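Enquirer: For reference, the chains in residue letters:
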Amino acid sequence: MSTSTDTTPLVTAPDSNPERPPASPFLDGVRQYTITLAFPLAVLVFWHFATYGRKYSLIPPPSEVAWALYDLAVGGINDDAFSQTLHLHLVASISRVYGGFGLAVAVALPLGLMIGRIPFMRQLLDPTFQVLRPIPVTAWLPLAMILFGLGPRSAFFLVFLGAFYPVLINTIFGVRSVDPRLFEAASMLGCGGSAQFFRVVLPASLPAIFTGLRLGLGFAWVVIVVGEMTGVQTGLGAIIMEARQLSRTEIVICGMVVIGIAGFISDRVVMLLGRRLLRWSPGHA
Amino acid sequence: MRDTMTPIVELKGVSKQFELQGERIEAVRDANLRVRKGEFVCLIGASGCGKSTLLRIVAGFEQPTRGEALMWGMPIGGPAPDRGMVFQDYGLFPWLTVRRNIGFGPAARGRPAAEVRDTVERFMSLVGLQRFAEAYPHQLSGGMKQRVAIARVLANDAELVLMDEPFGALDAMTRERLQDELLEIWERTGLSVMFVTHAIEEAIFLADRVVIMSPGPGRIDSEMPIDLPRPRDVSAPNFNDIRRELAHKLHSDLARKAA
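Chains as they are written, first to last, in our numbering: chain A, 862 to 1146; chain B, 426 to 684.
These are calculated hints, taken from the structure and not from any lab test. All values reported here derive from a predicted model rather than from experimental measurement. No residue lacks a Cβ here, since even glycine has one placed at the ideal position from N, Cα and C. Check the hints yourself; a few may be wrong.
Here's a subset of chain B near chain A, in silico, CB distances under 8 Å, partners left out [claimed, not checked]:
id, residue
1, Q488
2, A505
3, R508
4, M510
5, F557
6, A558
7, Y561
8, W611
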């Protein structure tokens, strides 16, 4: 682009012209979906042509993955050990993700509120958490296996750990950044002391807490695969590991796809919940 | 019945010092002030004259370093609903609707729900906010927000309303409207008002009495009763005379300090 000296403002690009006649809602919808789907479709097409019909390709083409996913879900194609098992693995993973996440919220939320609000608790606990926080969850794997043995309890623990810090850190941040003016306003209106906790601190820090919940749940889905590689029989991480050992790469990709979709849906649920609860917040409305 | 001779607010030799980055700042030195019930008092002065600090001491947000701050002859121990504060930055609860912001005080003090509802309705109509009852603060204009803030302290039975440059962030038109509305409410309810401003015209338009403060250290310099009948006309010659006199007092304070 050349440096032009003309005076027309740059923002008046033809597309953003407010006087453009409004397109029909249908065409507008089609346009939106086209934009949204263009990139994933391009990736699929590229994947297809890079792998299809090549005998020695280590990566199966998308069509093969689709059939494998169908077989994994409803069976009737391969009828092997993987057929019709998807729901078992999905339920196992979801229950670990939400169990570990739920426990993390149950511990991190009150802890974060206390650390944020009570100086003594902050002095007592904050340094420890600050040092423990940078340790990646994967580094806890050996220790988790010693503490909880091989199996679902280790997976549960790792998910808990993965979701714990985002919730804790964001809750502390939310509580610490409540506008001091609101405490003054509450106390001059006759709401003082511990009553401020529920009437001011909690609602005011809700946006930050929700950010923590979203991040925490996201991490829970990230960690679940590592957690289920510790020798559990079911779970999306477990089938990925098993399929890898059997060189069933199409099943590995199926596991990846299902985790992606499940993680996406659970994020959407939290986001919609947040939108309802945070209607008042300009950043969330 | 309260003794009519007892002032609603009395400051006796109030001084306030702050520690700021290891330095001792004298925000207010030896301030003496009496506010009668139903009186509208404006505190005016350049920035740093301690007018906001004085207001915050009356609110109970700050304790005087020396001297006494009394309400109805009793020492002010901390913030309480009988002294409502209206902040320049509104201080509304962003997660509550207009209705619930106004009802915050009564609800927090455990009033029955039906009573809270009636009180809220009454004060919403007093400040003309019924149409916005279910709106959140971020959806309101500055003038609307300040109406909510005023209704909020009135709904909480405040006898004394403390206003810290409440209209300073508003545009001129909105400011004039709110000044009119405030006077109307004040005349109707018999409230006492302490109003901090740095705008000379605003002080003369609103106050029964203007208290002139000067900085470095902040102190009360003089007082000036405003005897003009209401509603006051800012373009009247006698209004202008007072404006000139007050401006002169304020500037001579500054000049004396510079000398």
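Enquirer: Next, verify each hint and record whether it holds.
Expert: Quick rundown of the hints versus the structure:
no., hint, verdict
1, Q488, "14 Å, violated"
2, A505, "7 Å, holds"
3, R508, "7 Å, holds"
4, M510, "5 Å, holds"
5, F557, "14 Å, violated"
6, A558, "14 Å, violated"
7, Y561, "4 Å, holds"
8, W611, "19 Å, violated"
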